[in-house]
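Novice: Heads up: the protein sequence lines correspond to chains A and B, in order. Note that numbering that gives the first Met the number 0 has the first sequence beginning at 0, numbered continuously upward. Note that numbering that gives the first Met the number 0 has the second sequence beginning at 0, numbered continuously upward.
Hints in this document: simulated from the structure, not taken from any laboratory. Backbone N, C-alpha and C fix where the C-beta goes; we use that ideal spot for every residue, glycine too. Among the hints, erroneous ones may be present.
[What the hints assert, rightly or not] Label pairs and their calculated CB-CB ranges:
1. 7(A) with 19(B): 18 to 28 Å
2. 60(B) with 30(A): 20 to 30 Å
3. 68(A) with 120(B): 50 to 60 Å
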Amino acid sequence: MIVDAIRHLGGYTSRFIDELGRIAVFGSQTTVAAVTPPARVRAFVDQVYNLGVLSLVIICVSGLAVGMVLGLQGYNTLVRFGAEESLGAVVGLSLIRELGPVFTALLTTGRAGSATTAEIGTMVATEQLDGLRMMSISPIHLIVAPKALAMIAVMPLLSALFIVFGLAGGYVVGVWVMGLDGGTYVSSLESAVVFSDDVLGSLLKALVFGVLVGLIATYRGYTSAPTSAGVSRATTSTVVVASVTVLIFDYFITALWGV
Amino acid sequence: MEASPHAQDAAVALTDVEMSFDGRPVLHGLTCSFPRGKISVVLGGSGAGKTTILRVIGGLVRHQKGKVMIAGQDTSRFGDREMNEIRRKLGMMFQGGALLDSLTIFDNLALPLRERTKLGEPAIADEVRKQLTAVGLANVDGLLPGQLSGGMIKRAALARAIITNPEILMCDEPFSGLDPISVKRIEALLRRINRELGITMLISSHHIPSTLRLADQVILLQQNHLAAGTPEELRASKDPRVAEFLNEEVDETLVDEDMFRSIDPERAPQARHLR
Numbered sequence: 000m001i002v003d004a005i006r007h008l009g010g011y012t013s014r015f016i017d018e019l020g021r022i023a024v025f026g027s028q029t030t031v032a033a034v035t036p037p038a039r040v041r042a043f044v045d046q047v048y049n050l051g052v053l054s055l056v057i058i059c060v061s062g063l064a065v066g067m068v069l070g071l072q073g074y075n076t077l078v079r080f081g082a083e084e085s086l087g088a089v090v091g092l093s094l095i096r097e098l099g100p101v102f103t104a105l106l107t108t109g110r111a112g113s114a115t116t117a118e119i120g121t122m123v124a125t126e127q128l129d130g131l132r133m134m135s136i137s138p139i140h141l142i143v144a145p146k147a148l149a150m151i152a153v154m155p156l157l158s159a160l161f162i163v164f165g166l167a168g169g170y171v172v173g174v175w176v177m178g179l180d181g182g183t184y185v186s187s188l189e190s191a192v193v194f195s196d197d198v199l200g201s202l203l204k205a206l207v208f209g210v211l212v213g214l215i216a217t218y219r220g221y222t223s224a225p226t227s228a229g230v231s232r233a234t235t236s237t238v239v240v241a242s243v244t245v246l247i248f249d250y251f252i253t254a255l256w257g258v
Numbered sequence: 000m001e002a003s004p005h006a007q008d009a010a011v012a013l014t015d016v017e018m019s020f021d022g023r024p025v026l027h028g029l030t031c032s033f034p035r036g037k038i039s040v041v042l043g044g045s046g047a048g049k050t051t052i053l054r055v056i057g058g059l060v061r062h063q064k065g066k067v068m069i070a071g072q073d074t075s076r077f078g079d080r081e082m083n084e085i086r087r088k089l090g091m092m093f094q095g096g097a098l099l100d101s102l103t104i105f106d107n108l109a110l111p112l113r114e115r116t117k118l119g120e121p122a123i124a125d126e127v128r129k130q131l132t133a134v135g136l137a138n139v140d141g142l143l144p145g146q147l148s149g150g151m152i153k154r155a156a157l158a159r160a161i162i163t164n165p166e167i168l169m170c171d172e173p174f175s176g177l178d179p180i181s182v183k184r185i186e187a188l189l190r191r192i193n194r195e196l197g198i199t200m201l202i203s204s205h206h207i208p209s210t211l212r213l214a215d216q217v218i219l220l221q222q223n224h225l226a227a228g229t230p231e232e233l234r235a236s237k238d239p240r241v242a243e244f245l246n247e248e249v250d251e252t253l254v255d256e257d258m259f260r261s262i263d264p265e266r267a268p269q270a271r272h273l274r
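Modelling step: build the complete structure from the supplied sequences, incorporating the hints.
Specialist: As structure tokens, then:
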């Protein structure tokens, strides 16, 4: 019984380390491909559109909703201590330091990460990547690298947009619904947020999340089993693994660098 | 498994190749050769390893044992970079076409020229239109693969496979899933490509009539058994396994009576008719 448990644990650990090694190799191949000519500018721009522009609605709506909830909860809590004039600071710091990058990463994983995995996985299942290999064209160079790079590029931009809409949502609830003075909301926000610390840190966090989601989504698609069930498993795995990884990395980035 | 004597001037030669997937053997010490400039068809039932042979030659899967010689080079230990050089001599038409579904037919054909040659866009456009006309698809260049029929996809895939003038063309099940007219059309195209361009062809198929009409050499893979020869030699073969396959005869004694007994007549009334 105990021996079996130890054996299983050893097996899981060994597979986990093996998988980490494969992801590292895949990541380094993708990095090399991204800096090797010819530059895939057209493919990159297409992917920025697919992953970024097509995510705008979900990011804006979610940002607005989260900001409104923060505004409502924040106001109701702060008013108990007579500190409702700090609503701008509470909404701003929560969104900029934490909720903006994390929510954006989770939403982008669900919308764009899963789509990336499904697209690459389908290309595996329909031998499109093998077709490229037979033409001496690297699938990592042509397909994977532009998608991963686009994910890295759009994540900070989407996060910034999420934050802007969140701040607007907080303003709508705090000022228009709860009757807080607009100038108080904005000045509280301005005085609490430090650009070099909070805003740049937030963008850095989003950038790291972009790397993680881009790498996991493309890797899962690239290594998916060439069947419909395999593509389905890979897509589910992307959402689960990328979401959990983002949350774990969020903790460590916050704990280690205070961002 | 051993076929005809090893031809020294073969375009492709496999020696004692073993290949298994997850411990399940697919190729058992396969030895065969594909003569230069000829059409060789690997014939066999589903799961016989026909596609695996093409994928081993193309380096898409790595065999565990044996030697694969392509144009005089042993590719068995080749890395990705060396294999990419060898693949410049190969063209492959996949069973499902393997066209990039996000690109138009024009861009699918233009892709290998853009990536592998220094041709300018006007020259690429000329070449693509020439190839599309040659395969009878002159007016579909702006369509996506998803908008074409199965036969048209196969012809587009064939055009893409030969657009870079490969020395060796591999076709995986070019006749599968096609109506008789499309089969004849693909067959005629393959014959023309072979005769006019002198391309060595390796075709995997289980379509017996086309194989017998088209092939200069047939390699029959069946239940770990391999037979090779011209279509006439195989037709004249006394080997019952070869005759059974070529005549498409099914030994009814192989149909398991227990299969019918296991059907519950109460739950499946139509099973009574079977019995």
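Novice: Hint by hint, say whether it matches the structure.
Specialist: Quick rundown of the hints versus the structure:
1. 7(A) with 19(B): 18 to 28 Å: Check passed, 26 Å falls within 18 to 28 Å.
2. 60(B) with 30(A): 20 to 30 Å: At roughly 26 Å between Cβ atoms, residue 30(A) and residue 60(B) fall inside 20 to 30 Å, so the hint holds.
3. 68(A) with 120(B): 50 to 60 Å: Since the Cβ atoms of residue 68(A) and residue 120(B) sit about 53 Å apart, the hinted range of 50 to 60 Å holds.
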